[in-house]
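Make a model of the complete structure from these sequences and hints.
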Amino acid sequence: MTNSVPEFEDADCILITGSNTTSSHPLIASRIMKAKEKGAKIIVVDPRKMHIASLADIYVAQNLGSDVAWINGLMRIILQEGWENASFIKERTEGFEELKKAVAEYTPEKVEEITGIPKETLKEIAKIYATSEKSSIVYCMGITQHATGTDNVKSLANLAMLTGQIGRPSTGVNPLRGQNNVQGSTDLAAIPNVYPGYQPVTDDAIREKFEKAWGVPLSPDPGLTVVEMINAVEEGKLKGLFVLGENPLVSDPDSNHVEKALDAIDFLVVQDIFMTETARKADVVLPGASFAEKDGTYTGTDRRLQKIRKAVEPPDEAKADWDVLCRVGKAVGGKGFEFASPEEVFREIAEVMPIYHGITYDRIEKEIIHWPCRSEDDPGSPYLHKDGFAKGKGHFTPIGYKPPVELPDKEYPYQLTTGRLPFHYHTGTMTRVSPSLTHEVNEAFIEVHPTNAFEIGVKNSQVVRLTSRRGSVNAKVIITNDVKKGVVFMPFHFAEAAANRLTIAALDPIAKIPEYKVCAVNIEKIEESEA
Amino acid sequence: MTQKEESFEPKIIAFCCNWCSYAGADLAGSMRLKYPPNVLPIRVMCSGRISPHFVMKAFQKGADGVLVTGCHYGDCHYMKGNYITMRRVTILKDLLKFVGVEPKRLRAEWIAGSEGDKFARVAHEFTDEIRNLGPSPLRG
Amino acid sequence: MEKFKKYIKELFESGEIEGFLGIRKNGLHPVPHLFTPEHPEELETLTIPDVRYPMTEILLTIVRKYPDKKLGIMVRGCDERALNELVKNQKILPELIKHIGIACSADLAASCRCAQPYPEEIHYGEKVAPVEDRSDIEAIDTMPQEERFDYWMSEFSKCIKCYGCRNICSMCFCDQCTLEDNDLIATGQAPPAIPIFHLIRAFHMAGRCIDCGLCEEACPAHIPLRTLYRKVRESMSGFLGYVSGTEGGEKDPLEFLGSEGYMVPSKIDEK
Amino acid sequence: MEYRTVLTTCTYCGTGCGLLLEVMDGEVVGVLPAKTHPINEGKLCIKGWNAHEFIYADGRLTKPLVRKGDTLEEASWDEALETIANKFAEIKKTNGPDSLGCFSSAKCTNEENYLLQKIFRAAIGTNNVDHCARL
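Protein chains in written order, with the numbering used here: chain U, 1 to 531; chain P, 1001 to 1140; chain F, 2001 to 2271; chain V, 3001 to 3135.
In short, the hints are calculated from the structure, not lab data. Do not take every clue at face value.
To give an idea of the interface, some chain V residues facing chain U are shown, with a C-beta separation under 7 Å as derived from the structure [what the hints assert, rightly or not]:
#1 V3006
#2 V3029
#3 R3067
#4 T3083
#5 K3087
#6 I3091
#7 G3096
#8 S3099
#9 E3111
#10 N3113
#11 A3123
#12 G3125
Cβ coordinates follow ideal geometry from the N, Cα and C atoms, glycine included.
Below, the structure written as structure tokens:
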């Protein structure tokens, strides 16, 4: 996030797209509700009418995967009406002329045709977003989990820069990060192309720095992403895999394919707290600790570092994960794994990572620090790009609309989109063993528009079979107007009816994010005897 | 608008206690006394058994009015159940009023087993009253 | 403060209490803690901040496991009202629970709009004047009926069904909760069925709510829950002469017939 | 008789709410929202309020397991670590370091993510390190 969570409260306009905020980030939704009470206009653009949409001043449903088109359309209107921030563009950005050219063809009529958003609504959104004093963009996986995910994100950045709605409090482009520490694990380089703190592995000077710090020569070649590693297993190139606290068999797209790979791999190690679907396939399983049984730090979605504290001991022989990893490091012959506490590990992190350099355990006990925090007297950065962008000038990227990879056809006439429920979390490893949460809901379902339900010939609660080119699952139908005609929604928490047996592993070419949010499916009624 | 109101036929749930008011409703039937078909009696053992939840659920399921009936004070088969009933109904009516629902949509009446005529009269009155109020905002 | 700590220490030493439920300072954050005679040094971290935790709700958690222990508890005006009600409902034994009274600061009393910001006996702080303020109820009472309905429906529709209002409530001590009854309120929906979810809870609060306002402070959707419960509290005193949280006397007349079993409510104005 | 509260950070989403784990006699019995936390200011969602429940759920892994034929059998830490060390060394020797990889975890701490990527980059010698940020 470019800005911090409490800042939402003081925004004048919040544009939410691809985020089921009340379900997935309820306490951010809480701030958004507060902003509304204080007079902010809330705009929601989302294919599904979720809870936050019902609280919005303007809600509109776009067609699945049409985000670049409506954002370009907004920018065209803003330019036509003169609502852009000319001085911001002049002083802080580059590439404006190219952008102007690129958006010119996105007339309101054309945008309406691609996206289904009425042109009057588009103009109203453009006006409120561009002319409000402080406008903030909130997005989540509905924007990123597309083959055009990077395009979508860059388009939102274009929009914010065009209107100067960035670099000030309560503005900015704010991706809500899904997992508790997804920001931190990215910062700490659990990604294939950089060292901790976004320092490229391909940069010789940086690699030398890390070779010195770690005392070993390092590989200059960027590694593989999750989906690429799965493919590499199938090709026989990847032989051994270590999985820490993840359940790729349920969370990754095209699960059937993942299952085949995990069956085929030579050697699989899983470190987790439960016997997950993935752990069942392992050759070695290491028992880790829950968040209540260990110390450490998380970095929240707004780049804020916070501690977690051990409250109780891990069960039986299970150990804190940092302790297990130190033992693994030593066992495989690594040097520099003699840490007595997470705090000692953190000291090494701060040493090698400029954006965390000024942060210590003592400081985060006493103050709230958002990275970058480069020295011990640096108070940190609640919002980014205050006096300019990190890479000099903000660069406008001209982007054209590309349709989703898999469009509905005769055989697979419906579009499936996936998401979360307020009562469950990701693959359900933790929430589905929590009685208070399973009491609320404990089985998969599929939301279908009344017209489509009539076509298929199903009533509420009847079971249907969903089939895509990759697999099929059964689920109970819920008939609702919350989804558009032709679109069906399914939560992905439930392994026994895993939505990801249907989803497509088409990747965004840059971010390598799978297109979870759109694929084509067929729906058939299951006869009583079959169900 | 007027036409719509005229064509509106309210749904009314009448909770009746086993010992007095249900017998009263039954007697209304045997006496061939007409009462509006809008009123659907549900028998419970005592008016004191009628939890406010039942009333709320009836409203939620589409009732435009809820009639709670029981024995006259002093006649309760369980001694004092109907005293609790009246206390609860009063507090619930005040709560409904506070959230913008006409308190008249909830009414408590004491009807003895011998008062078939009273049951029919209350059913008429209440139906007319609810018809005038129009559909309940709680229909959902 | 030193005097206060000394007082607790004396209670430990004399054996009058075997534990003291208070607030401890943890870095920047005051957090609830059970001080015990085994660790008198922990009293150094004892603090009395202008932050309220559901002390009596925590007390119940401890008492369920240790029903025979003699416990001291830091009580403000609101906590004491809660304890009175818990005694009436036979959830705690008054002879085992020692009230250690805290008078709230003027700031806290003002922000809580508290009608009694002090307990009967005060061991810390100075008594400040009660705040009489029913402007929240008046504002709604004066709205036209339809506007009132729309107002509440729009407030309730923000609910994310966290159950925070119930979880934090000292008066929600039932073993089974109606709000979780699938036959009454469909599970798995957020917002839950409105207004039934909120009205059922409001009705349950009628004979119980001690007007501490912790529910509203815990509500992520900023629903003015306290106004709703203050209203039913008023209804209870207006129609049935019952004020929950007062010491001794009759129990909730919606649940218990009471010694005056034939008491009927005064008549309601239906306009 | 012990009752204390431990201030920590919720483990579900990335918002980072502060919560208190209620510990009674060495067992987490409940959750309270941290009233003075700048993010959630004394409020939580349903997952946060119940964040302690999964800790004691059936099926927690309590001992290392090593595959023997078709089944995973309980093993000592030494045996489990030795198996990993031997197998990784063997794969690295025959197929090179890039035939090994890891999925790190967005659920784990910064310190743990740092350690796992350090194992693979420094001890094994590959950049095949990723996690489910994209999922």
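Verification of the hints:
At its closest, the beta carbon of V3006 of chain V sits 4 Å from a beta carbon of chain U; the interface hint therefore holds under the 7 Å criterion. Checking V3029 of chain V against chain U by beta carbon gives a least distance of about 10 Å; that is not within 7 Å, so the hint is violated. A hinted interface residue such as R3067 of chain V counts as satisfied when its beta carbon comes closer than 7 Å to some beta carbon of chain U; here the least separation is about 4 Å, so the hint holds. Annotation: T3083 of chain V was flagged as interfacial toward chain U, and the flag holds, the nearest CB pair being 5 Å apart, inside 7 Å.
Given hint, K3087 of chain V at the interface with chain U, holds; its Cβ is 5 Å from that chain's nearest Cβ, closer than 7 Å. Given the 7 Å rule on beta carbons, the hint for I3091 of chain V holds: about 5 Å separates it from the nearest Cβ of chain U. With a least beta-carbon distance of about 10 Å to chain U, the hint placing G3096 of chain V at the interface is violated under the 7 Å criterion. With a least beta-carbon distance of about 4 Å to chain U, the hint placing S3099 of chain V at the interface is held under the 7 Å criterion.
The closest approach between the C-beta of E3111 of chain V and any C-beta of chain U is roughly 4 Å, which is under the 7 Å cut-off, so the hint is satisfied. A cut of 7 Å between beta carbons decides the hint on N3113 of chain V: the least distance to chain U is about 4 Å, and the hint holds. Interface hint status for A3123 of chain V: upheld, as the beta-carbon distance to the closest one in chain U is roughly 3 Å, under 7 Å. With 7 Å as the threshold, the beta carbon of G3125 of chain V comes within range of chain U, its nearest partner Cβ sitting at about 6 Å, so the hint holds.
The structure shown violates the earlier hints numbered 2, 7.
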